[in-house]
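Number of protein chains: 4
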Amino acid sequence: MSNTPVTRLPGRNILAVPGPTNIPDAVQRAMVVSMEDHRSTKFPELAHGLLSDLKTLYRTADGQPFIFPSSGTGAWEAALTNTLSPGDRVLVPRFGQFSHLWADMAQRLGLDVEILDVDWGEGVPVERIGEILKADRQHAIKGILACHNETATGVTSDIRALRRVMDDAGHPALLFVDGVSSIGCIDFRMDEWGVDLAVTGSQKGLMLPAGLGILCVSQKALKMITQAKSRRCYFDLADMVRANATGYFPYTPALSLLYGLRAALDLLFDEGLDRVFARHHYLASGVRAAVAEGWGLELCAKAPKWHSDTVSAIVVPQGFNAAQVIDTAFRRYNLALGAGLSKVAGKVFRIGHLGDLNELMLMSAIAGAEMAMLDAGIDVCPGSGVGAAGQYWRTHTQAAADPVAKPALRRVAAA
Amino acid sequence: MSNTPVTRLPGRNILAVPGPTNIPDAVQRAMVVSMEDHRSTKFPELAHGLLSDLKTLYRTADGQPFIFPSSGTGAWEAALTNTLSPGDRVLVPRFGQFSHLWADMAQRLGLDVEILDVDWGEGVPVERIGEILKADRQHAIKGILACHNETATGVTSDIRALRRVMDDAGHPALLFVDGVSSIGCIDFRMDEWGVDLAVTGSQKGLMLPAGLGILCVSQKALKMITQAKSRRCYFDLADMVRANATGYFPYTPALSLLYGLRAALDLLFDEGLDRVFARHHYLASGVRAAVAEGWGLELCAKAPKWHSDTVSAIVVPQGFNAAQVIDTAFRRYNLALGAGLSKVAGKVFRIGHLGDLNELMLMSAIAGAEMAMLDAGIDVCPGSGVGAAGQYWRTHTQAAADPVAKPALRRVAAA
Amino acid sequence: MSNTPVTRLPGRNILAVPGPTNIPDAVQRAMVVSMEDHRSTKFPELAHGLLSDLKTLYRTADGQPFIFPSSGTGAWEAALTNTLSPGDRVLVPRFGQFSHLWADMAQRLGLDVEILDVDWGEGVPVERIGEILKADRQHAIKGILACHNETATGVTSDIRALRRVMDDAGHPALLFVDGVSSIGCIDFRMDEWGVDLAVTGSQKGLMLPAGLGILCVSQKALKMITQAKSRRCYFDLADMVRANATGYFPYTPALSLLYGLRAALDLLFDEGLDRVFARHHYLASGVRAAVAEGWGLELCAKAPKWHSDTVSAIVVPQGFNAAQVIDTAFRRYNLALGAGLSKVAGKVFRIGHLGDLNELMLMSAIAGAEMAMLDAGIDVCPGSGVGAAGQYWRTHTQAAADPVAKPALRRVAAA
Amino acid sequence: MSNTPVTRLPGRNILAVPGPTNIPDAVQRAMVVSMEDHRSTKFPELAHGLLSDLKTLYRTADGQPFIFPSSGTGAWEAALTNTLSPGDRVLVPRFGQFSHLWADMAQRLGLDVEILDVDWGEGVPVERIGEILKADRQHAIKGILACHNETATGVTSDIRALRRVMDDAGHPALLFVDGVSSIGCIDFRMDEWGVDLAVTGSQKGLMLPAGLGILCVSQKALKMITQAKSRRCYFDLADMVRANATGYFPYTPALSLLYGLRAALDLLFDEGLDRVFARHHYLASGVRAAVAEGWGLELCAKAPKWHSDTVSAIVVPQGFNAAQVIDTAFRRYNLALGAGLSKVAGKVFRIGHLGDLNELMLMSAIAGAEMAMLDAGIDVCPGSGVGAAGQYWRTHTQAAADPVAKPALRRVAAA
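These protein sequences, in sequence, are chains A, B, C and D.
Sequential numbering of the first sequence, starting at 1, is according to full-length UniProt numbering.
Sequential numbering of the second sequence, starting at 1, is according to full-length UniProt numbering.
Sequential numbering of the third sequence, starting at 1, is according to full-length UniProt numbering.
Sequential numbering of the fourth sequence, starting at 1, is according to full-length UniProt numbering.
One should not assume that every hint holds.
[What the hints assert, rightly or not] Simulated DEER-style distance windows between Cβ atoms: (1) ALA292(C) x THR56(D): 47 to 57 Å; (2) ALA61(B) x GLY377(D): 41 to 51 Å; (3) ASP104(A) x ALA245(C): 11 to 21 Å; (4) SER52(C) x ARG137(A): 28 to 38 Å; (5) ARG242(A) x ALA140(C): 25 to 35 Å; (6) ARG262(D) x ASP25(C): 36 to 46 Å; (7) ASP25(C) x ALA345(B): 43 to 53 Å; (8) ALA135(C) x ALA61(A): 35 to 45 Å; (9) SER342(D) x LYS229(B): 26 to 36 Å; (10) GLN227(C) x ALA61(A): 45 to 55 Å; (11) ASP25(C) x GLN219(B): 56 to 66 Å.
No lab work stands behind these hints: they were computed from the structure.
Glycine residues also receive a C-beta, built at the ideal position from the N, C-alpha and C atoms.
Okay, chain A solo, but in the shape it has when bound (with noise of 0.2 Å):
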């Protein structure tokens, strides 16, 4: 709001965006790297490791993973480039900026978009695109891009169902999934859910800074590259397989991120992947008790199963501006909330809960997130969020109860 320059504010910056996420020290260090010749004997030995564990991140014995410098964006385009040609029919349910970004992107690449829009705070419509697809007896839909969570209204879907009714239609078109907010954060199964293109980033569930872009391929996308016209090359993944068989890249790889996504990986194998899921709902759990029993708002999510365990949009009460928060936020309490993106712009906040996180940090963004609302004249009552979300963290375990059910949070007996 305020133009005024920002000068360096005293302690740590509360980094509450829904990403890039914190670095845990392991990470940082592992970047602390002098540079090498990644053309050497040597280097294989990286390459191939990270390759073969980020299929143990996607949850998938048959795809394959690809490692860019760029952002997710870049590992999108990678995606429809590949397996597609101008002209060839999407269909992308839209139901927030990320979704409508990855439609338009579509769109300019020369591919023959279908939007399916939704209200923003809910998300793919399954049941509707399963009538689509069995609709199209021809199958001149060639890929459905679908956004496993929203990042900007914090709204997650659900790709297994989606995979279902696509079964359920017997229709082949690819499934493309953004995964850039939830792998690594929110149970993804590759090949359980037969997905075929799923694309992430190096900045969310991954905890690492931006300029990586991941992607991992299905064989049967895999068979789409020699006969997809769309022009790339920079991102052209038959380079990718040639130099990959071999530890190697096509150009020169971004050294220090590769090393900082070893160490990543090592931590989240370490904490165990169902571990991971589970803290993410337990964390998310409370901060949507901080919103709903402690200040009585309402999230952009529009029912309990939209509910993203990574990112918490919030409604400010009518009459407010939620840019006022977050600049408040920002300039006075050196807190980092995510700002409401286009339709949603001034009537959200967001509070990122994903990566390497824990109970005492996400307090901070709740104390910061209620002093600003004070400030901006909005009536919560003074320490409700945070005693709400802690009375949940209090009373709830974060095991994961069953390693292959969504994590369901026991209550503590003895609590």
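Based on the hints, put chains B, C and D in the right spot on chain A.
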């Protein structure tokens, strides 16, 4: 109190002990240095700059600062052995673990230590000392050892007043001050208060890892070096005076910490010492609001005049064990609180509020302490601590009202 | 050669490939940053400063620089797709692996590529191009793609002369320049030479890890954006122009590398660009003395006018395999030399002499190359390379004689 | 010797002083740590591991290692004050600046110091000491202070032989050994050689910044603690023994250095101590070849049996000033050579060859020393030093021939 091993807890450990403190990024970065020849013609530029800027930190024109590769304890020893001889009488008010340890060191170094025991929770008994000094006609007392800020109890003493009674008595004893947990955080005035030897360490207000013991010495005290008969070599000031004069050290200095010190001093001076002190007072006031107004608990410090702006020792209610609160905070919430030491073990837990800190970093500590107290069965209202601290901070500013006087916080008019 | 695994060799790996280059401490440090919100009100300060200072690096007043999270290859693609349309004719002199790859990219992006093959070891055939342009009365040629410094052969071309023949022919084609291994090392003058699109990457003269693709675009070229029909989205300049105007990026920027870039530009400007160029010329001259006078070997570059100041490709005598020299250097002496690529594979090894480098760092590479050649049976005199380089450096200064002209090295009078 | 200020020279400073040494990346990284509570239940894991692994470094089963926040000088003081009383007689062979300084410290701490002056360039006079001990029937001599490796002259003494003459004399004096520039580089055997107190610092073989003083104490020496009357507090071992037993320290430890020590020990053990020693011998032999065969100069060490594997002091020809060589090396070639100290000032310059080092890192130093000598007018043949060292290294391996005996280098058969 459990003995089960502690595995890595996700997210950042919330460090709320009264030192070591959180290292700012700029300081962390500054310590990533290649080694260099500490006898090179380039080295003195660093050394001279640090020694000169430490004078600014100590607010001294005439005093001479020294940097040892040691902890603050080493600087204590340097202060005593360079100015006193075995058998010399020193007066040591004792009201906490650190004043106790200093007295103990003085005894072990062969001094004749007269201990003035004071209730833990109070500070230097200025009037009583004044009387003792007046009675000491022969000036048998050679030094007074005063803890400016007793870290164990969260008590700050009035060194200016102590100097006044010394002057009133016309007593020539040297004034030794332990400023380990005050210098760089709480107003400290070497020259104005007539301090002769002032000790600090790198890991508190200077926001560095431990490893540097820092001592500032008045010209009066420097003159004692030649006649002081305590044996010393590593901590000998004469060697330092000689080597420092040309920008070198008598033995290999702790180079990475020196570069960190450079960055830390730059940060302090960029913020402005007065603003740094005002910020500490403002932050401490919020913590005290949490304790008193939020939780309804008491501080170990027995009166507002003793309240420390760098650490609060919080007394748990009768029948509860503070160690359990600390243990739960650490193991369950990844929060490091300070333990009660010696006489107050089990009775208090401590929140350090010093160094590169802001409101929301402290909110993590307050929220975590609250949750751990609730887990331990202590009946505090969830969210009450954070609520009270937040209300305090929202309605006050941290601007230094008057760069000379003790920072008076101003109520925010519009709030 | 051998397939046995490489274990850690003690000591520092001597990095003498022509990129990535050695990271200076100040740049390494600068990348140790906590993440922050790239949409904050604070962020534009960083972005504006970088974009403005890149103009100084490119020596342009009117050109506009762009920073992509990508390798230099990505910036190549950005240059082509934003200004050309499929079917557009481009002229590409080819005389090494990197000019070859750029031509290949142009073909894959659908351009009509006219390749001018030149012997490897020579550079851009300026006169021949002049004739072709004069013959192109219809101005069918839309662009000329020139490698300023061909990294594969160690050949630098005369871009100023190329512009002259373009002007002489009155030809409006865009001048594309690959400056990946020249910009920041060898004199480069965007405006003076009339370069329209100039590409570089972060891992050479900018002394950073790979991960940033940098492109500078003339106003003339910028005007082509609206009519260029090549599909692009990730590398679309229009999005960048819009976002950069307010100090932001269209997608999450590679934050740690941006902070590194800040430090790298500061280092370059502190030294002074002219002095940086003079230093590279001085260092390269010493390496060439080692090759010619010391070892009696030849460079791949066929004449002094082609000699590159950033990389030397050294031809091993007939009957020897350069790959064996490189393998021995790496496995036995912990030295990374550049391999011969494609046509010159096995025939040359390369010493990169660019980035943050000095005489003695190069002595390691020269000495190691010599030992590896001896191990491979190549008959060079032990110590001869280092002896010749040392004599050169001892008797010349690296001062920029004339800040405009190509740095002429002055003999040290007194030596 | 010019007094003009030194501005930043491009590239890496070549660090060839005998400590501090080059920090390996893995150690540098390990020190980028957030601070933590050194009284937490997690801390002892780090402390116990370090103390236990130091025993491996010292090759002791019975000795107890101690870590002080200090330089190695502090560990010297700890050794003396914890085991001796003022007036106790100690025998100190003196043959260089560091043996001189230790003797000086002993005097200042009130011991009765009997100095055995030996020509600089020789080492501990074992036979002479044997005679003195035999003559000391009353066992007035309480300790012998022996510099294992005199850093000032590049002389290594035979501690095993010293123990033998002590045993032959049946003399109970404590054996104090300064291993600052030997431990972790040159074979050192606490138990086998019957060393009672062995001192080192962090900045030599341990490849860390200065800041840790390390001392290992035999059980025999530990028993002296209770009766030693030298006053000490900071360096008191009794406090350490008590605190270390539970994994803590008596005062705040230098945390970042402790984490660095963890990484340094891991590196040493991964390479294998015997291989580390063999590598130092192999590297030193190459440097000596450069000096003798290449340059035709002499070492300060007067006979091969005194040759140090960690530092070579090279005597410049009559009529030249070594200080000028060092000054030119530093100012013109960015090379830090060690200066001659005290008696040998101006007569020698020193090349440190210890720590994380390999052949080509030393080539920088050799080449630079050669150029600086030539600049100073010393008549050495350009390239001769590097040529001789290279020939040595090419024709020998650094494998430890026999893990117990002094590493014998084997000629490479095929070379």
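Comparing the hints with the structure gives:
At roughly 51 Å, the beta carbons of ALA292(C) and THR56(D) sit within the given window of 47 to 57 Å. Hint check: ALA61(B) to GLY377(D), Cβ distance near 48 Å, so the stated range 41 to 51 Å holds. Distance hint for ASP104(A) and ALA245(C): a CB-CB separation of about 19 Å, consistent with the stated range 11 to 21 Å. In this structure the supplied range 28 to 38 Å is violated for SER52(C) paired with ARG137(A), their Cβ-Cβ distance being about 57 Å.
Our hint of 25 to 35 Å for ARG242(A) and ALA140(C) holds, since their Cβ atoms are close to 34 Å apart. The supplied range of 36 to 46 Å is broken by ARG262(D) and ASP25(C), whose beta-carbon atoms lie about 23 Å from each other. Range check, ASP25(C) to ALA345(B): Cβ separation about 45 Å, and the 43 to 53 Å hint holds. Distance hint for ALA135(C) and ALA61(A): a CB-CB separation of about 59 Å, inconsistent with the stated range 35 to 45 Å.
The beta-carbon spacing between SER342(D) and LYS229(B), approximately 28 Å, falls within the hinted interval of 26 to 36 Å. At roughly 47 Å, the beta-carbon separation of GLN227(C) and ALA61(A) lies within the given 45 to 55 Å, and the hint holds. Range check, ASP25(C) to GLN219(B): Cβ separation about 39 Å, and the 56 to 66 Å hint is violated.
This entry does not satisfy hints 4, 6, 8 and 11, going by the numbered hints stated previously.
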